[in-house]
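**Student:** These are the residues of each chain, in order.
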Amino acid sequence: MTDFNIMVGGEAGQGVQSVGAIIAKTLARGDCHIFADQDYESRVRGGHNFFRIRASTRETGAVSEELDLLVALNSETIDIHKKEVKSDGLIIHDGETTQARISKTKGLDVPLIKLARDAAGNRLMANTVSVGAIFGLLDYNFEIIESILTKEFTRQGQKIIDDNIKAARAGYDHARKNGRSKTLPEIRLTSRKRAKILLNGNEAISLGALAAGCKLIAGYPMTPASSIMEYIAGKEKEYDVAAVHVEDEIAAINMAVGAGYAGIRSMVATSGGGFSLMVEGLALAGMTETPVVIVLGQRPGPATGLPTRTEQGELWYALHAGHGEFPRAVLSPSNAKEAFYAIVKAFNLAEKYQTPVIVLTDHHLATSYATVDRFDLRRVKIERGDTVSPTKIGEARSYRRHAVTDSGISPRALPGLTKALVVTDSDEHDEAGHMIEDAATRIEQDLKRLRKLDGLRKEIGPPVIKEAPKADATLIGWGSTGGAIEEAAAIFQKDGKAVSTIHFNEIWPFPADEVKAVFEKSGKTVVIESNATAQLAGLIRRETGKKVDHTILKYDGRPFSPKYIISHLKGVL
Amino acid sequence: MVVPKDYESDVEIAWCPGCGNFGILQAVKKALVEMKLEPHRLLFVSGIGQGPKLPHYTRGNVFNGLHGRTIPAATGARLANHELTVIGIDGDGGAYGEGLNHLLAAMRRNINMTYLVHNNQVYGLTKGQASPTSDAGFITKTTPLGAILPVNPLALALASDVSFLARGFSGDVEHLASLIKAGVKHRGFALIDILQPCVSFNRQNTFKWYRDRVYRVEDEGYDPTDKAAATAKAQEWGDRIPTGIIYRQERPVYEEQIPALKKKPLVRQPINPSQFEALLDEFA
Numbered sequence: 001m002t003d004f005n006i007m008v009g010g011e012a013g014q015g016v017q018s019v020g021a022i023i024a025k026t027l028a029r030g031d032c033h034i035f036a037d038q039d040y041e042s043r044v045r046g047g048h049n050f051f052r053i054r055a056s057t058r059e060t061g062a063v064s065e066e067l068d069l070l071v072a073l074n075s076e077t078i079d080i081h082k083k084e085v086k087s088d089g090l091i092i093h094d095g096e097t098t099q100a101r102i103s104k105t106k107g108l109d110v111p112l113i114k115l116a117r118d119a120a121g122n123r124l125m126a127n128t129v130s131v132g133a134i135f136g137l138l139d140y141n142f143e144i145i146e147s148i149l150t151k152e153f154t155r156q157g158q159k160i161i162d163d164n165i166k167a168a169r170a171g172y173d174h175a176r177k178n179g180r181s182k183t184l185p186e187i188r189l190t191s192r193k194r195a196k197i198l199l200n201g202n203e204a205i206s207l208g209a210l211a212a213g214c215k216l217i218a219g220y221p222m223t224p225a226s227s228i229m230e231y232i233a234g235k236e237k238e239y240d241v242a243a244v245h246v247e248d249e250i251a252a253i254n255m256a257v258g259a260g261y262a263g264i265r266s267m268v269a270t271s272g273g274g275f276s277l278m279v280e281g282l283a284l285a286g287m288t289e290t291p292v293v294i295v296l297g298q299r300p301g302p303a304t305g306l307p308t309r310t311e312q313g314e315l316w317y318a319l320h321a322g323h324g325e326f327p328r329a330v331l332s333p334s335n336a337k338e339a340f341y342a343i344v345k346a347f348n349l350a351e352k353y354q355t356p357v358i359v360l361t362d363h364h365l366a367t368s369y370a371t372v373d374r375f376d377l378r379r380v381k382i383e384r385g386d387t388v389s390p391t392k393i394g395e396a397r398s399y400r401r402h403a404v405t406d407s408g409i410s411p412r413a414l415p416g417l418t419k420a421l422v423v424t425d426s427d428e429h430d431e432a433g434h435m436i437e438d439a440a441t442r443i444e445q446d447l448k449r450l451r452k453l454d455g456l457r458k459e460i461g462p463p464v465i466k467e468a469p470k471a472d473a474t475l476i477g478w479g480s481t482g483g484a485i486e487e488a489a490a491i492f493q494k495d496g497k498a499v500s501t502i503h504f505n506e507i508w509p510f511p512a513d514e515v516k517a518v519f520e521k522s523g524k525t526v527v528i529e530s531n532a533t534a535q536l537a538g539l540i541r542r543e544t545g546k547k548v549d550h551t552i553l554k555y556d557g558r559p560f561s562p563k564y565i566i567s568h569l570k571g572v573l
Numbered sequence: 001m002v003v004p005k006d007y008e009s010d011v012e013i014a015w016c017p018g019c020g021n022f023g024i025l026q027a028v029k030k031a032l033v034e035m036k037l038e039p040h041r042l043l044f045v046s047g048i049g050q051g052p053k054l055p056h057y058t059r060g061n062v063f064n065g066l067h068g069r070t071i072p073a074a075t076g077a078r079l080a081n082h083e084l085t086v087i088g089i090d091g092d093g094g095a096y097g098e099g100l101n102h103l104l105a106a107m108r109r110n111i112n113m114t115y116l117v118h119n120n121q122v123y124g125l126t127k128g129q130a131s132p133t134s135d136a137g138f139i140t141k142t143t144p145l146g147a148i149l150p151v152n153p154l155a156l157a158l159a160s161d162v163s164f165l166a167r168g169f170s171g172d173v174e175h176l177a178s179l180i181k182a183g184v185k186h187r188g189f190a191l192i193d194i195l196q197p198c199v200s201f202n203r204q205n206t207f208k209w210y211r212d213r214v215y216r217v218e219d220e221g222y223d224p225t226d227k228a229a230a231t232a233k234a235q236e237w238g239d240r241i242p243t244g245i246i247y248r249q250e251r252p253v254y255e256e257q258i259p260a261l262k263k264k265p266l267v268r269q270p271i272n273p274s275q276f277e278a279l280l281d282e283f284a
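Protein chains in written order, with our numbering: chain A, 1 to 573; chain B, 1 to 284.
Hint data in this document are derived by calculation from the structure and do not stem from the laboratory. Mixed in with the good hints there might be a few duds.
Unchecked claim - FRET-style restraints, in silico, Cβ to Cβ:
1) L450/A to K264/B: 34 to 42 Å
2) C16/B to K237/A: 33 to 41 Å
3) Q249/B to I443/A: 49 to 57 Å
4) K5/B to D406/A: 42 to 50 Å
5) K5/B to P462/A: 41 to 49 Å
C-beta atoms are modelled at their ideal positions from N, C-alpha and C, and glycine is treated no differently.
Construct the complete structure from the given sequences, taking the supplied hints into account.
**Tutor:** Rendered as structure tokens:
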């Protein structure tokens, strides 16, 4: 098995992110799985950023902390990360810049800036030289690098493309001549039509939203959600979708709700702080029975917290946000593939049950890249729920937007499309949508809305359960920790332990029955989550009466790695 | 054929007897009938307050949402279906307090809707507290030391390059109806500030107080396309209060700049997942 890990580090402004993405994309052309994540600070220049790329012959959804190659664009990167470099690993750096003294066996000094200046006449392309150097060491097909660079820089024009290729070539040749080659023995370049795509969680969500027929996204930028609106806005000219950069998140949610009322699929994407501003609008969607999809990309709080880092601190918040009681669904995909299908499902549930649906992600999922099977758009099923289009004037006259039904679902007519008048109110209202004060109507409408939870409960899939017979332990998680937990479990299995996993990628209404069944034969139960208060463990207790045996909690803003989980499990198992 | 009966609602009206809202309701109905607009082609979006209950007392599609959030909800609905005629209704609290940020953004955006602000310079629904337009020094339970300086909605609108700005008076239904018609017909965002006495909580700005002061700018040969003149008019308050169309200009409408809306309303466009196949190639 090949498991090859590269890290590029430098300060903000040195192009760490773009180099990282190019390396990941180039490696993804090979017959291997990629997982890549990035770590950056809330600043535009300076500081320390890194991008980690893992290429593996096994499917992987987690970061590794053992590096085969460290590309240091500044000396700080060496200081911070040299301990992560494996004994046979290599540090690529420009001695002129780093002034670092590294033995020939440990380091490869590539004059990045000089080569960039000589080859491309632009010292800023030092980062592209480093890309070339990596692939020179790997003896990778240079044509692939060329094609990726061409694609990446298309918008900047032919000269920039050519200069980048020259810079990469210079690094490539230098490394082949001066470096000891590193091999990727099991990674072959694929010639068949590529069945895999490489993308991050937010890109998967954006694609899923478009495929699901989202026609409007309203938003205010906030890390880690901004790139969703940016992606969709970038498609406004080619596809029938509107992206509105609004004055604040309150406007975003109310705009999306207004659009949902008028009959289109609409969404917002934000992080905790923006979501807080949206919460009154969330309840509005609940009360007016308006479909809306909310992507909540978590980052560490409270308040502004750690803006560019990850946490799962808003599970309870997502479940309970909003004044009053109303139904909702909360989906918590663990990877890019699940994120794509989750947002499609979110739009379907929102329209079928005429209520808000939250897709709960986090910075780690939003920004880390993974290879996934190319999405099958034929598998995207659109379910728009019960609608009516009264054509006769009598039917139109008697239309009642909030008609009481057994399922709690009142068939929707859309304003302006028929003669039926569509009336709704954030005040408690009667079947016709007019404000009321009487107790009987209040009870009737409240129960009608809450009955929709019965239907929603049947829509939510069970958690992903991988049961080991006679389990010594069961590892339990939700959301973006899935890849790390699964890999940790696999490593334990190899060591002869029987380890089951339960992972919640759809979390509300809570699939309690399935969980109870697994708990009967779980061995020691260990909940693993990125927060300090064990919110999933608390939810399990509340919904099933089961108390988990252990928790492994991480709230430093950094993602779990399999290694971290294993080291903390050793004391437990 | 649209007749007055089309805009009659059987919902019981919850306003105080003699409330200034009655005149506004009358003017709205009159304007809609005269424009021969059918109720199902109309969308009222309103917020919270006594005035924003208005849509229930006539007929049309109604989205009565949150306090201060009328404009974003109306904008969303307009973007979903720009064949709808959208009228937003708020009070001075919702429009100039809680929702002011949205008002400023809507004027900059120039979304095609008409926004009626029932401005009675006091909070009626919550029983008599100062509003953003209460006169300075106005004493209420929440402002026992007197209200702070009022906002000047007309000046704010002009500063935001509003495309249609008018002020009406609920005691002059005929005139107000003509302003509403002009606002609805205008292509772009139309703000109509409507002076309206609160008979229960504002003993200062009464019907008589307004009647003694309001005048129609059009009676004085006023040119509403002159921004400098409008800017001066916006500062007039006290002994003489201008009503009528204060400012009007042609500006690109927001909806017309969105490519997706060019063919037909978004709500009439089909959903077709497979059309996005080419986007997947970006990631291959």
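**Student:** None of the hints should be skipped; say for each whether it holds.
**Tutor:** These are the hints, each one checked on the structure:
1. L450/A to K264/B: 34 to 42 Å: Given about 37 Å between the Cβ atoms, the range holds.
2. C16/B to K237/A: 33 to 41 Å: violated (52 Å)
3. Q249/B to I443/A: 49 to 57 Å: holds (52 Å)
4. K5/B to D406/A: 42 to 50 Å: Because 36 Å falls outside the window, the suggested range is violated.
5. K5/B to P462/A: 41 to 49 Å: For P462/A against K5/B, whose Cβ atoms are near 56 Å apart, the range 41 to 49 Å is violated.
The structure shown violates the earlier hints numbered 2, 4, 5.
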